[in-house]
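Q: Modelling step: build the complete structure from the supplied sequences, incorporating the hints.
As they're listed, the protein sequences go chains A and B.
If you use the working numbering, the first sequence corresponds to residues 1 to 169, in order.
If you use the working numbering, the second sequence corresponds to residues 1 to 122, in order.
Source of the hints: derived by calculation from the structure; they are not laboratory data.
All C-beta atoms in this analysis are idealised placements derived from N, C-alpha and C, irrespective of residue type, glycine included.
Keep in mind that a hint or two might mislead.
Said to hold, decoys possible - Quick list of simulated restraints, FRET-style, between CB atoms:
| # | chain 1 | residue 1 | chain 2 | residue 2 | range |
| --- | --- | --- | --- | --- | --- |
| 1 | A | 109 | B | 110 | 49 to 59 Å |
| 2 | B | 99 | A | 112 | 47 to 57 Å |
| 3 | A | 121 | B | 52 | 17 to 27 Å |
| 4 | A | 61 | B | 61 | 42 to 52 Å |
| 5 | B | 122 | A | 94 | 49 to 59 Å |
| 6 | B | 99 | A | 111 | 51 to 61 Å |
| 7 | A | 141 | B | 99 | 27 to 37 Å |
What the hints assert, rightly or not - Some, not all, of what chain A presents toward chain B, calculated at C-beta under 7 Å:
| # | residue |
| --- | --- |
| 8 | 7 |
| 9 | 9 |
| 10 | 37 |
| 11 | 74 |
| 12 | 113 |
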Amino acid sequence: MVLAVLVIARTRNLFSVIVLTGVYSFLMATVLVALDAVDVAMTEAAVGAGVSTVLLLGALHLCKAEEAKPAHRPWIPLALSMATALLLIYGSLGLPEFSDPDAPIHQHVTPRYLKNEIEVPNVVTAVLASFRSYDTLGETTVVFTAGAGIIALLRRRKTPKNERDKHAE
Amino acid sequence: MAHFMYIATVFLMVAGLYIVMARGNLIKKLIGLSILQTSVYLLYIAPGKLLGGTAPILAPQYTVYSNPLPHVLILTAIVVGVATLALGLAITVRIREAYGTIEEDEIIAIEIELLKKADKLS
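A: Structural data, given as structure tokens:
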């Protein structure tokens, strides 16, 4: 996975970058299965590796497939990223140990979710659709807004010529 | 092993951040953004894992389950991430139609040219 990310950062042919992003998504899905998050892994494989790749390829079809050479050496972003990484690793030292059953994440609301109150055996579905259904409502609102925005952006305008000529002048 | 997961997460996060900052191509920037996003999935899901636990689908023969709450949150995040990616790509296509390029440097150069022209006219 690390290798895929490094190649993505270095390659300038956008087509291979997009295919590599799909590979990266599948690797991420595998890691998620190993971490017991089967629902998330399924969504990541379908949406991250499938739909995203199709969207990116569609956009690439309308744009140029080759990235320009960077004009200057990227020292400032590199230094900033390194500083952020060090800060984040320093912060992560204060987090609980991996797979510690006494960690706060396993103590707060999860025991109640696992008691099977609404008699749906898949707890993820139960939490998504019942305990936290307002979150799901918010999610659908966001998706709807994004869809409306895309339609508004990509719809052919009625008087495109005159508008664009005015801007060109 | 203890903090390995966090370090891997931080590496992916920073790699995404670096791509967003250092690369001028708008599609590449969006890919960097989605890498940053996937690192957040790991950041949420990894603490919910219990060694010896199983996926949170209830069955009488298991007693230890991994935490289902981060899974739900990340399911939402994946779908929202694709929605924002699609919106960003739509904006990129529009920018390409208006400027003829999706390289940040070239767009800025065109903008400066236009400003100079406007100054001369006024």
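Q: Hint by hint, say whether it matches the structure.
A: Consistency of the hints with the structure:
no., hint, in the structure
1, 109(A) x 110(B): 49 to 59 Å, "holds, 53 Å"
2, 99(B) x 112(A): 47 to 57 Å, "holds, 54 Å"
3, 121(A) x 52(B): 17 to 27 Å, "holds, 20 Å"
4, 61(A) x 61(B): 42 to 52 Å, "holds, 50 Å"
5, 122(B) x 94(A): 49 to 59 Å, "holds, 58 Å"
6, 99(B) x 111(A): 51 to 61 Å, "holds, 55 Å"
7, 141(A) x 99(B): 27 to 37 Å, "holds, 32 Å"
8, 7, "violated, 11 Å"
9, 9, "holds, 5 Å"
10, 37, "holds, 5 Å"
11, 74, "holds, 4 Å"
12, 113, "holds, 6 Å"
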